[in-house]
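Asker: The chain contents come next:
4 protein chains.
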Amino acid sequence: MSTFGTYIKVTTAGESHAKGIVAIIDGIPPQISLTEKDIQTQLTRRRPGQSSITTSRDEKDAVQILCGTENGYTLGTPIALLVPNRNIRPLDYKKTNSIPRPGHADYTYQIKYGIRASSGGGRSSARETIARVATGTIVEKWLSERFGIEIVCWVSSGGDIRMPHGRARWTRDEVDSLGTLTALDPASGADYFCEGIFYKSDGTVTNSVDSKWFTDDIIHVRCPDTPTAVKIAHTVKQVKGECDSMGGTVTCVCKNVPTGMGEPCFDKMEALLAHAMLSIPATKGFEIGSGFAGTRLRGSEHNDLFVHKEDGFLKTDTNHAGGTLGGITSGQDIVFRVAVKPVSTIGKAQETLDFEGNATVLEAKGRHDPYVLPRLIPIVESMTALVLGDMAMCQLARSAAILENM
Amino acid sequence: MSTFGTYIKVTTAGESHAKGIVAIIDGIPPQISLTEKDIQTQLTRRRPGQSSITTSRDEKDAVQILCGTENGYTLGTPIALLVPNRNIRPLDYKKTNSIPRPGHADYTYQIKYGIRASSGGGRSSARETIARVATGTIVEKWLSERFGIEIVCWVSSGGDIRMPHGRARWTRDEVDSLGTLTALDPASGADYFCEGIFYKSDGTVTNSVDSKWFTDDIIHVRCPDTPTAVKIAHTVKQVKGECDSMGGTVTCVCKNVPTGMGEPCFDKMEALLAHAMLSIPATKGFEIGSGFAGTRLRGSEHNDLFVHKEDGFLKTDTNHAGGTLGGITSGQDIVFRVAVKPVSTIGKAQETLDFEGNATVLEAKGRHDPYVLPRLIPIVESMTALVLGDMAMCQLARSAAILENM
Amino acid sequence: MSTFGTYIKVTTAGESHAKGIVAIIDGIPPQISLTEKDIQTQLTRRRPGQSSITTSRDEKDAVQILCGTENGYTLGTPIALLVPNRNIRPLDYKKTNSIPRPGHADYTYQIKYGIRASSGGGRSSARETIARVATGTIVEKWLSERFGIEIVCWVSSGGDIRMPHGRARWTRDEVDSLGTLTALDPASGADYFCEGIFYKSDGTVTNSVDSKWFTDDIIHVRCPDTPTAVKIAHTVKQVKGECDSMGGTVTCVCKNVPTGMGEPCFDKMEALLAHAMLSIPATKGFEIGSGFAGTRLRGSEHNDLFVHKEDGFLKTDTNHAGGTLGGITSGQDIVFRVAVKPVSTIGKAQETLDFEGNATVLEAKGRHDPYVLPRLIPIVESMTALVLGDMAMCQLARSAAILENM
Amino acid sequence: MSTFGTYIKVTTAGESHAKGIVAIIDGIPPQISLTEKDIQTQLTRRRPGQSSITTSRDEKDAVQILCGTENGYTLGTPIALLVPNRNIRPLDYKKTNSIPRPGHADYTYQIKYGIRASSGGGRSSARETIARVATGTIVEKWLSERFGIEIVCWVSSGGDIRMPHGRARWTRDEVDSLGTLTALDPASGADYFCEGIFYKSDGTVTNSVDSKWFTDDIIHVRCPDTPTAVKIAHTVKQVKGECDSMGGTVTCVCKNVPTGMGEPCFDKMEALLAHAMLSIPATKGFEIGSGFAGTRLRGSEHNDLFVHKEDGFLKTDTNHAGGTLGGITSGQDIVFRVAVKPVSTIGKAQETLDFEGNATVLEAKGRHDPYVLPRLIPIVESMTALVLGDMAMCQLARSAAILENM
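Protein chains in written order, with this note's numbering: chain W, 1 to 406; chain Y, 1 to 406; chain F, 1 to 406; chain R, 1 to 406.
Check the hints yourself; a few may be wrong.
Here are some, though not all, of the chain W residues that point toward chain R, as calculated from beta-carbon distances under 10 Å [stated by the list, open to error]: (1) P30; (2) I32; (3) T77; (4) P78; (5) R146; (6) P264; (7) C265.
Below, a list of computed lysine to any residue pairs in the SDA-like style, where the Cα atoms sit at most 25 Å apart [said to hold, decoys possible]: (8) R:K237 to F:E301; (9) F:K141 to W:M1; (10) Y:K141 to R:G114; (11) W:K60 to W:S201; (12) F:K200 to F:S177; (13) R:K365 to Y:D244; (14) R:K315 to F:E363; (15) Y:K348 to Y:D244; (16) F:K237 to F:E363; (17) F:K240 to F:K255; (18) F:K348 to R:N319; (19) W:K255 to R:S399; (20) F:K348 to R:T318; (21) Y:K60 to Y:D176; (22) Y:K348 to W:V307; (23) Y:K19 to R:S33; (24) F:K348 to R:L305; (25) R:K348 to R:T235; (26) R:K240 to R:A187; (27) R:K309 to F:R172; (28) W:K212 to W:L178; (29) F:K365 to R:T235; (30) R:K309 to F:P227; (31) F:K60 to F:R172; (32) R:K19 to Y:Q40; (33) W:K309 to Y:K141; (34) W:K315 to Y:K348; (35) Y:K309 to W:N97; (36) F:K309 to F:F147; (37) F:K19 to W:N71; (38) F:K200 to F:T235; (39) Y:K315 to W:N71; (40) R:K60 to R:T182.
Source of the hints: derived by calculation from the structure; they are not laboratory data.
All C-beta atoms, glycine included, are put in the ideal place defined by N, C-alpha and C.
With the hints as extra help, turn the sequences into a complete structure.
Answerer: This is the structure we're talking about:
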């Protein structure tokens, strides 16, 4: 269904070509300062049409708070948000009415419901994620103010280009600034510019730059290792030229998460995070801490030994666990990665079948992302916030319930 | 919390050293034939003490149906199950009362609740999974009888030994029989025997076997590629000798799943499966279809093209999607993998801290699994059944609700 | 929280002086014809300002379907509805910022949240019920088309004026037409006119009517026994003159409800109906079938004897049970009554305290209903539909799940 | 379904002739002292066979805590409880296999599930309520220790005998002791004895008592106004002699409930209480505060004026609201009443139909209660505790979440 969470409950609605995307978030504590501006920043990070490597749809996505706040403060009552749809070009999707896009939800929506939105996959559209970002941002603000929690996510690979291991923590500003390149005129002798440094398309640094080389081509990769970002950007441009698409992985780190969050058994922290991440369109995998690589370690290598005690809590130097033990936060950073497949809607010709079973060739028209990962960053952050917020409320109730804590 | 599912709802309770493990499953349709025997088979597959590579605790795990059936049929009312705990040796865990086991939930349970079961991690014990298997088996029986769904899971890697690609489908019998080895006397010239063939410890076939070589040492690996199983078994024995532990991955395939199951947005089929899998103790990752490897493909490579129509449904030859499109089952097999870390409780000495923060050395006593993956097989199957059952009920309601289908 | 239902789930938001009232309904089957017009009819019945005995606020309440339908049909995805707020006069409520209205939620909202909407009781406003009516109407349409269910509710008492026992069933048209009076000029010799008959204010019929007596004063009582309606209308006018308010009861009957709906134990049909009814503002009681009066009968009098079999179902002549046995619908009409207290916001002076505890006198200004019961009729019908719809989906899933029914 | 509550979640199972009644309660805070003895007291109050006016089945109902506690303290993990069934005489119910008892769930269970427990109405049996009492008692203990909340319920009418208005509050001891009569030998000159006073069967006090008049006939009415209790007891005896049954009402008062509990809109405190009460077998109505009688008052009479401020909270002298405003607790006592119909299973001959539709006469054999109200007292108290506990956790989380409260 379209509801997520128990203590902080988000409910969303909206197809990509309906009047708008709607979200109601219930359970947000009262007395938090909140305006549309607080939400808009993250929403804008999610927006397509920001750079040459994402879709050129300029959807704007201006959020309206319909209720639940007054004079800039939350009332404790449900907050409803509306992001009207604009710039709708339904004709773009016309052909998909008879030909289900391979790898897309056109087919399964038709089978499931016996009816289908003209825009194809209905609720499977990336546009649905606006509601996640809008609501997640509210929770993230509370988590930050109440606990000092920081949630930062970045692109850690694009296709087979992987960011080398290095710093395990970045700030959101670093992700956005280091991950933002300016494409240069080929005649300049360099291909990309970022933070005062010039790069060749293979990620190496170069200093030979001719004059008059700046283009308007801003590329958001959101990979804070600039050499890797350059290589990803370059490959995405090639893929885009081929009317194809490309996948990758994102990494997310949550800092300052209090110990004790996450519920035993079915609602372990990592179980809820995995649920949240695999609910994001185009995701194919989730791993926490050591993840799949950790299956090759011995227990004696994998176990994070307790090494010192700080403010009453035991700390470890390593973090193979990824921030939880038995599904409950340990006070270490929560670290996880999400696998994102290449987007299924591509311009490249595909030999497939129409709904009737007749052979046909599909070349998708319209505006499609060759590489959605930079846009996924705020979505992953927001879904993470929804999970942490829900578990925080649950544990706050428990702590306040214990007699000894009175 | 300890409740899973909406339409078919499972609630469990029980620490590893309490009187027993209890489960209530609500929403099971009436008139299904069901006896304790139906449940016991899977429960026994989960049981420790079956082979030389799992813990030697012989817990028996005899299930009792307390209510919800009569004369061997379900009544439609909630079914309660009890598996009494036996063979409890609390003293084994005594030292962990002051020293939290690294990588284990001892520490986080203490912080979360301010109190802790003497057995350590309380609900994080593997024993809790009995309730999952007992209830999942009931749902699996219904899914099989109502839809012909088959759910089969096997070990696909142990440490860094990976099963080579090959058949994508196995039967449960093949998993159990091909994955079961007999260890031979070293003097025999071969190390393992399985299904009439003799193997060396590196997985190669050998025919030179001396007489009088059989031991009683039965090893359940549940990896149906026997050469791989042999290599895993051999490594596990080494690891066990070092009082250490080892991880691996399991692969699960669900056949004959009807199209249209799974809910848009937050309750996509893969989201619920990921939730279910990451709720199993010791799991660190989940991937469906192409998973993390699929992030390196282009969209044109990754998309599964529709190639023929059969019984009204479009079919594909490839299955990178892993059985869902937009979170809704497409009629292809559901295929996913789960990463399992090495068990944290090991006999090997670990330099760590006690709860007070004092440096100490922990050598866990008692009965511990060096390699839990074979025991995880029925747990993964059962959690998969709980997810599929829940989504099946949801879609049955919808189909029956549509006016046209009346 | 602001979410109701499991299989059909309604989530609402909106204070009375926010931008609007928002509702999302999830789980509505696809392929149902649905336009704003279908919803508007019930919404208009709920609207204040329709007659001289309800508040003169003319709020219009024009509903917009934001998503979830296309070309006049439901898509199976969540439907979001928006009813913008208009004609807002926040100054009317100014004094209640410092003086909590006795009997109203001003006080408890302030205590609960430490903050309060300027309109006073926030989500306790009658305006919140718009979302209930808008969504309930959609479910009611489906229940009617899928099962032929009819839900009709009427005013059965106003203050101490009770409708005499008589017909147990009315149509919605009869409730609206018989319950609608035209007030006459006192000089006419009669006081009210309804369906061709003239009445004195005590409910007796009179034929002596002078000319030129019609006023524009239309009074909706929604009590289909016209003599009772006349007496209620007359009393409400007196009460209104005194700046006071008056309560009453409503009766609801659901016809053609299939047998087998309602879940054992905690989710009995009457339990969910009671939950739904007591969640409506100003309600103080619920009784089903014989209700409180039934407590004075003997079992042998109360039991509804089975008297004939029809279409495979056993039928009774009496209906003390009110349509359920053991919480499960029996095929008899569901009959229940709801107690509604006099509205708390009154113009009459009240000696009370301000938030600081200082003695003060409160005379509420603004537009208030002296008698809300006629407006509650569509709200009770809609909440009933939400309960029946949820239980219907639950039982449809079960029936479709039983092997024998395949 | 068989699960109740969100933050504190109770799940129950068990038919009246299964192996036992099982309950799991999840969400109970850790570190609360809890033994089986704490639960047994309330469970024993619920037990039949205690007096001459309830069924003579001596079921014992000894509760076992299976898990969730250790050394007499809760662990914070789910607590499972088992009450084995004993003294089962299935033959008593044989005839109901072909004849559905009028007013009973035999008929609806058969229609709903197409199968039925041999004991008839399956989960509609009064025996199911054991699980409610066992779990509710745990929550009640926590509410008492954490907030000082007291929940006391008593019989306020039996048939048409109503307790006169008087004290609005009683202790549980007064309910049990004043409501417990000893029946005397008719020759004694008095009929009943209670707390040192002798009564005639019409409730009047008499002092003329002969010697040797004591019988062993202990009658628990749980109506703390002894003259009323005497009249009820006497009438129940007559009803029992006629193999018939009798209904009544119970009143419940909750003291020391903190302000701010209960959620706006759908989960108002009174909505959840009504849900809980109407889920108890044999209940037909619920009213809070002024209830149905309050519908006859004017707003100016009904509103509870704020009259003084105490410890920061405004207080009222009257309590027509019954302890909530807008569904949120106001700090006044919560006061509500529940209507209980006469039990449907009676020995008296009833002319009815069998399942086939053939006319027949049913005279129920076996042990049946002529008057269940005294046994309902602990059930109402326990269900009240479950509601208050759930709402308390919800509000504790909110309070702890507010930044200002840090």
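Asker: Please go over all the hints and tell whether each is borne out by the structure.
Answerer: Structure-based check of all given hints:
1. The interface hint given for P30 (chain W) is met, as the beta carbon of that residue sits about 6 Å from the closest beta carbon of chain R, less than 10 Å.
2. Restraint check, I32 (chain W) versus chain R: the minimum CB separation of about 7 Å is within 10 Å; hint holds.
3. Because the closest C-beta pair between T77 (chain W) and chain R is about 6 Å apart, less than 10 Å, the hint holds.
4. Restraint check, P78 (chain W) versus chain R: the minimum CB separation of about 8 Å is within 10 Å; hint holds.
5. Given hint, R146 (chain W) at the interface with chain R, holds; its Cβ is 6 Å from that chain's nearest Cβ, closer than 10 Å.
6. Residue-level restraint check for P264 (chain W) holds (minimum Cβ-Cβ distance to chain R is 6 Å; threshold 10 Å).
7. For C265 (chain W), the suggested interface contact is upheld, since its CB lies about 8 Å from the closest CB of chain R, less than 10 Å.
8. Restraint check for K237 (chain R) and E301 (chain F): the C-alpha separation of about 17 Å stays at or below 25 Å, so the hint holds.
9. Straight-line distance between C-alpha atoms of K141 (chain F) and M1 (chain W) comes to about 21 Å, which keeps the hinted pair within the 25 Å bound.
10. Note on K141 (chain Y) and G114 (chain R): the hinted pairing holds, with a Cα-Cα distance of about 19 Å set against a maximum of 25 Å.
11. Of the pairs offered as hints, the one joining K60 (chain W) and S201 (chain W) is violated, with about 31 Å between alpha carbons and a cut-off of 25 Å exceeded.
12. Among the hinted pairs, K200 (chain F) with S177 (chain F) is consistent with the structure: their alpha-carbon atoms are about 18 Å apart, no more than 25 Å.
13. Between K365 (chain R) and D244 (chain Y) the CA atoms are separated by roughly 66 Å; this puts the pair beyond 25 Å, and the hint is violated.
14. This hinted pair checks out: K315 (chain R) and E363 (chain F) have alpha carbons roughly 20 Å apart, not beyond 25 Å.
15. With a C-alpha separation of about 6 Å, the suggested pair K348 (chain Y) and D244 (chain Y) falls inside the 25 Å cut-off, and the hint holds.
16. Distance check on the hinted pair: K237 (chain F) and E363 (chain F) sit about 19 Å apart at the alpha-carbon level, within 25 Å; holds.
17. Distance check on the hinted pair: K240 (chain F) and K255 (chain F) sit about 36 Å apart at the alpha-carbon level, beyond 25 Å; violated.
18. Proximity of K348 (chain F) to N319 (chain R) is assessed by CA-CA distance (about 20 Å); at most 25 Å being required, the pair is judged to hold.
19. Of the pairs offered as hints, the one joining K255 (chain W) and S399 (chain R) holds, with about 24 Å between alpha carbons and a cut-off of 25 Å not exceeded.
20. In summary, the hint linking K348 (chain F) to T318 (chain R) is supported, as the alpha carbons are separated by about 18 Å, within the 25 Å threshold.
21. This hinted pair checks out: K60 (chain Y) and D176 (chain Y) have alpha carbons roughly 19 Å apart, not beyond 25 Å.
22. About 17 Å separates the Cα atoms of K348 (chain Y) and V307 (chain W), which keeps this hinted pair within 25 Å; it holds.
23. For the given pair, K19 (chain Y) sits about 18 Å from S33 (chain R) by alpha-carbon distance, which is consistent with the 25 Å threshold.
24. Between the alpha carbons of K348 (chain F) and L305 (chain R) the distance comes to roughly 13 Å, so the proposed pair stays at or under 25 Å and holds.
25. Restraint check for K348 (chain R) and T235 (chain R): the C-alpha separation of about 17 Å stays at or below 25 Å, so the hint holds.
26. Between K240 (chain R) and A187 (chain R) the CA atoms are separated by roughly 22 Å; this keeps the pair inside 25 Å, and the hint holds.
27. Distance check on the hinted pair: K309 (chain R) and R172 (chain F) sit about 48 Å apart at the alpha-carbon level, beyond 25 Å; violated.
28. For the hint pairing K212 (chain W) with L178 (chain W), the CA-to-CA distance comes to about 23 Å; that is within 25 Å, so the pair holds.
29. Taking the CA atoms of K365 (chain F) and T235 (chain R), the gap is near 54 Å; set against the 25 Å cutoff, the hint is violated.
30. Between K309 (chain R) and P227 (chain F), the direct Cα distance comes to roughly 47 Å. Violation of the 25 Å bound is thereby established for this hinted pair.
31. Between the alpha carbons of K60 (chain F) and R172 (chain F) the distance comes to roughly 22 Å, so the proposed pair stays at or under 25 Å and holds.
32. Distance hint between K19 (chain R) and Q40 (chain Y) is fulfilled; the C-alpha atoms sit about 19 Å from each other, no more than 25 Å.
33. A C-alpha spacing of about 50 Å is found between K309 (chain W) and K141 (chain Y), which places the hinted pair above 25 Å, so the restraint is violated.
34. About 21 Å separates the Cα atoms of K315 (chain W) and K348 (chain Y), which keeps this hinted pair within 25 Å; it holds.
35. A C-alpha spacing of about 18 Å is found between K309 (chain Y) and N97 (chain W), which places the hinted pair at or below 25 Å, so the restraint holds.
36. Between K309 (chain F) and F147 (chain F), the direct Cα distance comes to roughly 20 Å. Compliance with the 25 Å bound is thereby established for this hinted pair.
37. Distance restraint check for K19 (chain F) and N71 (chain W): the Cα-Cα separation of roughly 13 Å lies within the 25 Å cut-off, and the hinted pair is therefore satisfied.
38. In summary, the hint linking K200 (chain F) to T235 (chain F) is supported, as the alpha carbons are separated by about 13 Å, within the 25 Å threshold.
39. Between the alpha carbons of K315 (chain Y) and N71 (chain W) the distance comes to roughly 56 Å, so the proposed pair goes past 25 Å and is violated.
40. Distance check on the hinted pair: K60 (chain R) and T182 (chain R) sit about 22 Å apart at the alpha-carbon level, within 25 Å; holds.
Hint compliance for this structure: hints 11, 13, 17, 27, 29, 30, 33, 39 are broken, all remaining hints hold.
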